[in-house]
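Listed below, chain by chain, are the residues.
Number of protein chains: 2
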Amino acid sequence: MELYTDAYYMNEAFKMAKIAFEEGEIPVGAVVVCRKKIIARAYNQTEKLTDVTAHAEMLAITAAANALGSKYLPECALYITLEPCVMCAGACFWSQLGEIHYGASDPRRGFSQISQYLLHPKTKLSSGLMAEESKQLLDHFFKKLRN
Amino acid sequence: MELYTDAYYMNEAFKMAKIAFEEGEIPVGAVVVCRKKIIARAYNQTEKLTDVTAHAEMLAITAAANALGSKYLPECALYITLEPCVMCAGACFWSQLGEIHYGASDPRRGFSQISQYLLHPKTKLSSGLMAEESKQLLDHFFKKLRN
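As given, the protein sequences belong to chains A and B, one line each in that order.
Using UniProt numbering, the letters of the first sequence correspond one by one to residues 1 to 147.
Using UniProt numbering, the letters of the second sequence correspond one by one to residues 1 to 147.
Chain A on its own, in the form it takes in the complex (with noise of 0.2 Å):
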């Protein structure tokens, strides 16, 4: 796969989500690029941390301020295999992030469902990125669980 292209980076946060998957975790994953470098990796561990805040778009945000000493995010690019929810689109607000790419659409729980105004009026956002492989990964998921 050719390095620092939206295929790329997106790839890098399916990873996330596949290790979410092997832990037990709802298999959702991130990456935060800053001038083509991933400065921060995450995945949720809603589980794990017992914490219903620890989705991984706000591990990664939190990952990528720490990186940068900085809260807020222009310069940086989000890569996240899920479409966020309200709280994590409310977090990317705050962030400024510059740019939002995600992966399958979330028609139960996304933040479009309430608004497409959740996100910064400067955030660039884009969808559908390894879409169908996202959304098997949790299909799969939820179906083992229910076993």
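The hints are simulated quantities; they were obtained by calculation from the structure and are not laboratory data.
Among these hints, one or two may not hold up.
As the list claims (entries may be wrong) - Chain A regions said to be covered by chain B (calculated; three or more residues, Cβ under 8 Å):
1) 18-30
2) 64-70
3) 76-87
4) 90-102
Quick caveat: nothing in here was measured; it's all calculated off a predicted structure.
For glycine and all other residues, C-beta sits at the position ideal for the given N, C-alpha and C.
With chain A held as given, fit chain B onto it using these hints.
Quick look at chain B alone, frame taken from chain A:
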């Protein structure tokens, strides 16, 4: 002040907001109460932690979950001096908080500007306790910041 009343708990949250003020943070404070006991206290620490996700509610929800060893907080009440933003309302949703009592409304960034339905349907909501004091503290902070 009478113990174990909403006014008492909100005053404890307000004490947290005053600590935030003294530390140069936007002065918002929170406590989480479970079976009459305060199990978490927190104030906004976005500056100190260089982290936009470090709102008082987020820190309080994480701390309360740690204290109880449970991600979900249906038997808990959150007292927060300012109306939660979208991010924090999303966290409140996921935690299934039993009650939320907020002080001052936030006409710019309060979740109710977006939708009244961001909270969990089982969460009881009230507002207005110590609203004037909480707003004055915020106004004082921003006035000082501008000078």
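- [ ] List, from low to high, the hint numbers that the structure doesn't satisfy.
- [x] 1
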